[in-house]
Amino acid sequence: MKSDSLIRIALGAYLLIFFSYLLGPLLVMSLTAFNSASFPSVSPWACFTYEWFDVLLRDKHIRDGIYYSVIIGIGTVTLSVSMGLAASIVLTQVWPRLRSTYYTLIIAPILIPGVVLGISTLVFWDRVGAFLGVSDETALYGLFHNGLFLTILGQSTFIASYAMLVFVARLQRFDTGLTEAALDLGATHTQAFRKILLPFMRPAIASAAVLAFLASFENYNTTTFTIIDYKTLTTVLAQKVRLGINPSISSLAFIVIVLTVFAALVFEATHHNRKRKDAIAQGKVTPVKKGILPPFMHGNAAAFGLVALACVVIVMIGTAGKHDPQVCKADVREARMLETERRIKVLNETRALREQSEPAESTPNKPALAPSGAFGGVFAPTNLTEDDAEPETETPKGGSGAFDNVFAPTNLDTED
Amino acid sequence: MSSGVAVDLEDIWIRFGDFVAVKEANVAIKGGDFFSFLGPSGCGKTTILRAVSGFLDPSQGQIRIGGKDMSGIGPNKRPTALIFQNLALFPLMKVWENISFSMEVTGASAKQRRKRADELLDMIALDGQGDKLPSELSGGQKQRVAIARALCANPDVLLLDEPLSALDLKLRQHMRTELREIQQRVGITFIYITHDQGEALTMSDNVAVMKAGVIDQIDTGHNIYDHPATPFVASFVGENNVFRGRVKEIKGNEALISTNRSGDLLSSISPSQVGKLAVGDDAMMFIRPEALQLGPAKKSSKTTISANVINEEFEGNSFSVFLEGDGGKSVKMSVPNGGQDKISDRGEVLSLHYNANNAVAMPAGELASE
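Chains A and B supply the protein sequences, listed in that same order. The first sequence: position 144 = 144 (this note's numbering), numbered continuously. One rule links them: number in this note's numbering = place in the second sequence (from 1) + 416.
The following block holds chain A by itself, in its conformation from the complex (with noise of 0.2 angstroms):
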């Protein structure tokens, strides 16, 4: 009995850790976008503004990012689509002693770096322009040289064989006495793959599209060769890291999720009601009474979920325009001014102190009170480097007396 709850609570710390380990940096990310703080940080916590939302929408590199993403998304999705559906229907039909190796063949750009697939793609294409001998000037050189072109190209090699994972899941459960019996029925080969296993397949052409898209939207190892004169949203985001960031892109990143949780909320909520439906429909589960709550959301978690997703998110959407910030920024600003002088104080007053009892030392980098001897250890280099450092994990408000802290550049950089 004793063992058996001793196991239960550690079962339940290892969740905790588990999920805390999964969803942990999400929710630190989210709440930096709340955060006025020109770096993205939780802690220390200067002001909640909408202000990086703001941001977000102005910064034309981001937008255009997006609109490009999406743009390769879709030529992605489309073009892998369909080539996965065709090799994986290739895959049920060929010679059966060749199966393996040509499932190896298609798989194997998954197991390829995407940056070999990236340059390589690059390659073929200026080859296979250079074969054709078209010259600059022509339309055809420039679809070679293309971003846009190359891109979903690119992305299409290797995403093309997630999507036949998909559907080859799918298939192998496909009865082909049914395509026989359509044959039987007078269909040509054509209707009987529009009508009886294109729709069969629809639920896998659809989570087919959706891996795609998201595979292509995250892309960043094979797009960065291909882009070329373009920008995707992760070739954005890789340039505004090296370039230094602010929290518009934990706004982006908090968007996402949001997006996400909704999508997978509603995908449950309707699922659950059909599912629902359906037991009403033969029988298995009486319809519920009329009473407070709507029936699509009796005993469904999901709906009751998103009812409070939306809720939350239409009050952001409501006090954003009101919300103004401004004057709790500029009690943070007014707070940190008092601090600064207070501190300027502290030190002007060390300062006098130590004019006082040292005349002859005037380095300013000296610390007030050595903490043994006159000179011990002061001035070694290692002692230095470590206060420079300091000054990041360090609070302002860490009333050490140091007061290297208050001038370190990115110190005051936070709080602005």
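The hints are simulated quantities; they were obtained by calculation from the structure and are not laboratory data. Treat the hints loosely; a few may be bogus.
[To be verified] Short, incomplete list of chain A residues facing chain B, as computed with Cβ under 7 angstroms:
hint	residue
1	G177
2	L178
3	A181
4	L183
5	G186
6	Q191
7	A281
[As the list claims (entries may be wrong)] In silico lysine-lysine, DSBU-like type, Cα no more than 35 angstroms apart, as pairs:
hint	chain 1	residue 1	chain 2	residue 2
8	A	K195	B	K548
9	B	K493	A	K277
10	A	K195	B	K558
11	A	K195	B	K484
12	B	K586	B	K531
13	A	K195	B	K664
Treat the numbers as computed from the prediction; the structure is a model and nothing was measured. No residue lacks a Cβ here, since even glycine has one placed at the ideal position from N, Cα and C.
We have chain A already, so just place chain B on it with the hints.
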């Protein structure tokens, strides 16, 4: 109704690599016939059906439907409709869409299709069920939907590949009658594949019995049962007692066979084997359990078998008495239930009489495995 279209198989061979699935099949099926291919699984009967429906081409020979050569004509162009063993109803389509699929592919309007589907649903007594999905129907209903779907294509020939094998016994017996009625109503040629001799005998006008790719006998159900042409047919169709021996004497269509265990027995010769049996040949003689009658233990005659009783089983409408037979196999006698408690005692010697007309003799050959 149409008088039906004849189907002719002429010298059909079907090979898969080195394996010969069908050997020299010659079958002439009359228009409007209910024709069955009967044989154990793996005998090539489904292969013949797939060749008729166009899913595979015979390696050799010609298939004619209504006198027209079918070689090179795909399944979607042939005047046949096939009912699959697993029915192959389209799971994502409603019942009425399933039934009218053959019209959909020719571009008929939804209204026309619905009308025709409703007519057919009426015919198969499923009116009002058109908007259900196949998964919501019972086994027998699915069966009837599959038949309606095939009939909707107005085929000249309906091919049925063991369509009843998935049903339970009661339903199977009911569907036999129903299939036969439908066939008589629409009047088209039915080609039926089965391994169940009961199905073949109750429904068919004519039956072809197959063994390992070879057609052993084509005849009416009656003749197949009463006058089997080969030991395989005799032992596969219905129950039969086999007596091995040597031909001692032949008189017209009767033969005297000196059996290994029961002495000299008189038997008629299977009509198709008359003249093929000569004195001194190895022969087999078959007597059905119900053709054996209990008689007084009088002097032995040429139509009397004496044997020890091994055991006795009560089967409701009859008793089955098992007696010592030849080659380790028992001789079974079927006695109708006339209210008696039992027929015999274990170890008792019984004299069984039969009419020579009910015994069939033929050259020795392979028996159906049990």
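Hint by hint, here is what the structure shows:
1. G177: holds (4 angstroms)
2. L178: holds (5 angstroms)
3. A181: Given a least distance of 4 angstroms, the restraint on A/A181 holds.
4. L183: With a closest approach of 5 angstroms, the A/L183 hint holds.
5. G186: holds (5 angstroms)
6. Q191: This interface hint holds because 5 angstroms falls under the 7 angstroms limit.
7. A281: violated (9 angstroms)
8. A/K195 <-> B/K548: holds (18 angstroms)
9. B/K493 <-> A/K277: Between B/K493 and A/K277 the Cα gap is close to 42 angstroms, so the pair fails against 35 angstroms, i.e. violated.
10. A/K195 <-> B/K558: holds (20 angstroms)
11. A/K195 <-> B/K484: holds (30 angstroms)
12. B/K586 <-> B/K531: holds (32 angstroms)
13. A/K195 <-> B/K664: violated (68 angstroms)
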